[in-house]
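Use these hints to put chain V onto chain G, whose structure you have.
Here the protein sequences come in this chain order: G and V. Under our numbering, read the first sequence as residues 1 to 476, first letter to last. Under our numbering, read the second sequence as residues 1 to 528, first letter to last.
Keep in mind the hints are simulated off the structure, nothing from the lab. A hint or two may mislead.
[To be verified] Computed spacing ranges between beta-carbons, pair by pair:
1. Lys356(V) x Ile246(G): 56 to 62 Å
2. Ile246(G) x Gly369(V): 43 to 49 Å
3. Ala206(G) x Gly369(V): 28 to 34 Å
4. Leu289(G) x Glu244(V): 28 to 34 Å
5. Glu229(G) x Glu353(V): 54 to 60 Å
6. Gln247(G) x Lys377(V): 27 to 33 Å
7. Ala38(V) x Lys216(G): 32 to 38 Å
8. Gly369(V) x Gln247(G): 17 to 23 Å
9. Glu337(V) x Lys216(G): 23 to 29 Å
10. Glu364(G) x Gly369(V): 41 to 47 Å
[Unchecked claim] To be clear about the criterion: a stretch of chain V counts as covered by chain G if any three or more of its residues have a C-beta under 8 Å from a C-beta of chain G, and this derived list gives those stretches:
11. 92–104
12. 173–180
13. 203–217
14. 308–319
Computed from a predicted structure; not experimentally measured. Cβ atoms here follow ideal geometry from the backbone N, Cα and C, with glycine treated the same way.
Now for the letters of each chain:
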Amino acid sequence: MAKQYETVIGLEVHVELATKTKIFCGCSTAFGGAPNTHTCPVCTGMPGSLPVLNKKVVELAMAVGLATNCKIHQFCKFDRKNYFYPDNPQNYQISQLYLPICYEGGIEIETPAGKKIVGIHEIHMEEDAGKLIHDEWEDCSLVDYNRSGVPLIEIVSEPDMRSAEEVIAYLDKLRLIIQYLGASDCKLQEGSMRADVNLSVREAGAKEYGTRTEMKNLNSFKAIARAVEGERARQIELLEEGKKVIQETRRWDDNKESSYPMRSKEDAQDYRYFPDPDLVPVIISDEWLEEIRARQPELRTEKLLRYKKEFDIPDYDAGILTGSKRMADIFEETTALCGRPKKVSNWLMGETLRLLKEEGMEPEELSFSPENLAKLIRLTEDGTINQTVAKEVFEKIFREDIDPQAYVEEHGLKTVSDEDELRRVVEDVIAANPQSVSDYRGGKKKALGFLVGQTMKAMKGKADPGVVSRILTKLL
Amino acid sequence: MQISSMTALELGRKIRQREISAVEAAEASLARIREAEASLNCFVTVDEEGALARAAEVQKAVSSGTLTAPLAGVPVGIKDNMCTEGLLTTCSSKILYNFKPTYTAEAVLNLEKAGAVIVGKTNMDEFAMGSTTETSAFGVTRNPWNTEHVPGGSSGGSCAAVASGEVPYALGSDTGGSIRQPSSFCGVTGLKPTYGTVSRYGLIAYGSSLDQIGPIARDVSDCAAVLETIASWDRKDSTSVKREDCDFTAALVDDVKGLKIGIPSDYLAAGLDEEVKAAILKAADVLKTKGAQVEEFDLSLVEYAIPAYYVIASAEASSNLSRFDGVKYGYRAKEYEGLHSMYKKSRSEGFGEEVKRRIMLGSFVLSSGYYDAYYLKALRTKALIKQAFDRAFEKYDVILGPAAPTTAPKLGESLADPIKMYLGDIYTISVNLAGLPGMTVPCGLDAKGLPIGVQLIGDCFQEKKIIRAAYAYEQGRGPWELPAPACVAGTADAAGGNGGCADGGVRTAAGSGCADDGARTAAGKGGI
Chain G
1 MAKQYETVIG LEVHVELATK TKIFCGCSTA FGGAPNTHTC PVCTGMPGSL PVLNKKVVEL
61 AMAVGLATNC KIHQFCKFDR KNYFYPDNPQ NYQISQLYLP ICYEGGIEIE TPAGKKIVGI
121 HEIHMEEDAG KLIHDEWEDC SLVDYNRSGV PLIEIVSEPD MRSAEEVIAY LDKLRLIIQY
181 LGASDCKLQE GSMRADVNLS VREAGAKEYG TRTEMKNLNS FKAIARAVEG ERARQIELLE
241 EGKKVIQETR RWDDNKESSY PMRSKEDAQD YRYFPDPDLV PVIISDEWLE EIRARQPELR
301 TEKLLRYKKE FDIPDYDAGI LTGSKRMADI FEETTALCGR PKKVSNWLMG ETLRLLKEEG
361 MEPEELSFSP ENLAKLIRLT EDGTINQTVA KEVFEKIFRE DIDPQAYVEE HGLKTVSDED
421 ELRRVVEDVI AANPQSVSDY RGGKKKALGF LVGQTMKAMK GKADPGVVSR ILTKLL
Chain V
1 MQISSMTALE LGRKIRQREI SAVEAAEASL ARIREAEASL NCFVTVDEEG ALARAAEVQK
61 AVSSGTLTAP LAGVPVGIKD NMCTEGLLTT CSSKILYNFK PTYTAEAVLN LEKAGAVIVG
121 KTNMDEFAMG STTETSAFGV TRNPWNTEHV PGGSSGGSCA AVASGEVPYA LGSDTGGSIR
181 QPSSFCGVTG LKPTYGTVSR YGLIAYGSSL DQIGPIARDV SDCAAVLETI ASWDRKDSTS
241 VKREDCDFTA ALVDDVKGLK IGIPSDYLAA GLDEEVKAAI LKAADVLKTK GAQVEEFDLS
301 LVEYAIPAYY VIASAEASSN LSRFDGVKYG YRAKEYEGLH SMYKKSRSEG FGEEVKRRIM
361 LGSFVLSSGY YDAYYLKALR TKALIKQAFD RAFEKYDVIL GPAAPTTAPK LGESLADPIK
421 MYLGDIYTIS VNLAGLPGMT VPCGLDAKGL PIGVQLIGDC FQEKKIIRAA YAYEQGRGPW
481 ELPAPACVAG TADAAGGNGG CADGGVRTAA GSGCADDGAR TAAGKGGI
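Bound-form chain G, shown alone (with noise of 0.2 Å):
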């Protein structure tokens, strides 16, 4: 019988604090701009420079720590971590090695076989560097120090997890419990959360752990489960082929669902950490660690309670709201201007969900504005338009945000709830239709549809199909 066995995975996660300025100096964290307009000589390592710590970065770390029941080192350190390498301009980075603002956390995540808790051995800060562009054309390198300095924080977890489902909602947790906090916006594909993957097999029931890689260039969700998923058959073939895996560090390509070594532990290199004497000791009072954990905000699980007992909304609903804290806001928001939360709820559960999978989206992304979700409600409500014709103004507000009121008026969209003029219609379209009046009056029913779509047509949508349906079975 062929062999068990089991996959032990720990993540390191990079996520770019949503700071309005740099981890050690004042400037821009906005993304894009042209190449090193975002500098100083404090980000592009100019000599004599030096560096000053970002309050903020410690208040947002400090926010994760707690929200990931970590402990915070209330007298913590940096370190320069030194390697050679041109997108680092000054060939260390500044990280935190041996005290780090938290550490002996974790979160719980839902497994198919019930709870489980995922240990976050530390949480360190530490500079993004600068961004090299290969030009091809010139054959040389440039150097875009833009992103030097960008604050991060590091979240390491224990080797807790056992497959790639595991690994999925520990950073879906990880990424919801980082939005809430407004600590970033956790976009894989725009680089401000990244993962790798640490991941080693062994026999089912071994004690030891067997020999880890480090797996990279992991953009997305889907990447990490098939990179899992890939390197577990890949480590278990070697074992089973009598071989050893070697502790290396490999790339992922997603294209080719493969990876490849980029270096192994042989050349692994010493980074002689050392305090950074540039910086003093981070001394957090006990006062201000109460002030961060005093503004905390309701993070998921409660506001999942909350939803259940507030609005009296399916825990499915109440799930899906508040998986997504753009989704959670603008649902929050409605509510309280139109005072509906089934129907808010709705327009999210229904027209909202189904578009952004057509767009390809994520809830984070959603950019309408809550005031005109709520306006659209109210229309509907006192009847100015019907359902169908909210479906059509929904879309305008969700690609562009439009004020429905103004969009209904202007583009004549109002129900028209003037019996005599629906009746003329009706009365054309029983004339253009004998074949289904016949039809219906010889006793299929279903006809009467037929006819309510082609009235509703004639009306270009702008009818309550229940006053037409009533005028046409009194007719008829």
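Positioned in the frame of chain G, the structure of chain V alone reads:
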């Protein structure tokens, strides 16, 4: 009196009183530089054009009454490891041979706000690593007292420039004695402030936890006035300290009655030159005569300061200097294949021997497996040294001792034996490790006619105590004459030769207007 013989405050006063214009002051400094540079090489860069334009600008502000600072219009030399916007800043290294900073160091900005006129950037040991100014990639600087001797280092250019009257004052930096030791060798007054007093922003780092900028001048009053100008709390430097007591000139009081002065017996032990020892003890006697209580005590741990220092400073330097890689600025090797080769060649060709030695030393002590044994142990030693000083300052206001075991060695003597050179830092290094303020004041000449300086050390933030002691000593010692300008100029012809100013006889024989030479020697003798 010639402009080049004036102190910074004297010159500043005459500029404020419209007796001398800032332009005249700059011209006098530049003329003196033209005269003396061939024999001394104090400057890496002399900015004639910039200095004159700046002097004219400052003069306008002085004339209109908007600028009344005591140093307004006074020329200054800046050690070449402080960034000056648009003006070459090389750290005396080939690797920064063409580097023009995009910004100015905070301490220099503070001087500029007070109306200082920068005439140029002074020579130094490459990246401040050295005790002789011989490791400069731009030639050695010679001691104005005797051009066969070194000026000390690493701020040798600044000290020699002040001693020779090229500038009335200069800025230096001190990581392990780099202000105090060359001040002693050049017969000028230098002050290394408490760590955190002067912003390090724009000072190209050697050992970040030890580096501190300070003044080098002709006397104690100038040092106090300059320190008052450059000290500031700077948000751009996390290690900068907010101090309310930066009115250092208020400490220029000729009164040391009851002041408790301790002389570490460890500092007078074997290794200290007898002539230096005698001069130091005489200086202590001057203070005693003025009412200070002087006694010897056991400081302890002195022997551990040097290894601890060279581990910490080299470790920090190995990381601080990694940014010089040929990618962004400075020297890049002409030929290379790929990134790794570019790094290797640029750094191998761009750095000098001593710098490479310390980068390797520092990389070694930080390597995994050695970190605890070397770096951590050195940090613990540093903490113990600080504690030893803390105990001493419970008993004493000021600690007095030599700044160096000998007077200035001859050119070429030190580099042959780096360990011996490192050992020469024994009296200055622990002050940096403990972050204390220290000051050197000239206190005599040895038989060769080379100056000796006495070092006064204070507790953290007690600059005023050492300034007060130094000022009182200076008053008791009497006038101190620097090598006569004409005399130094006379050696220009004999540059690299026998050093015309080696002794009074030669100077007088040269008949080059050294009329005050006898007086100087006399003053030196009379003072001690």
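Evaluation of the provided hints:
no.: 1; hint: Lys356(V) x Ile246(G): 56 to 62 Å; verdict: violated (35 Å)
no.: 2; hint: Ile246(G) x Gly369(V): 43 to 49 Å; verdict: violated (23 Å)
no.: 3; hint: Ala206(G) x Gly369(V): 28 to 34 Å; verdict: holds (30 Å)
no.: 4; hint: Leu289(G) x Glu244(V): 28 to 34 Å; verdict: holds (30 Å)
no.: 5; hint: Glu229(G) x Glu353(V): 54 to 60 Å; verdict: holds (55 Å)
no.: 6; hint: Gln247(G) x Lys377(V): 27 to 33 Å; verdict: holds (31 Å)
no.: 7; hint: Ala38(V) x Lys216(G): 32 to 38 Å; verdict: violated (59 Å)
no.: 8; hint: Gly369(V) x Gln247(G): 17 to 23 Å; verdict: holds (18 Å)
no.: 9; hint: Glu337(V) x Lys216(G): 23 to 29 Å; verdict: holds (27 Å)
no.: 10; hint: Glu364(G) x Gly369(V): 41 to 47 Å; verdict: holds (46 Å)
no.: 11; hint: 92–104; verdict: holds (count 5)
no.: 12; hint: 173–180; verdict: violated (count 0)
no.: 13; hint: 203–217; verdict: holds (count 6)
no.: 14; hint: 308–319; verdict: holds (count 4)
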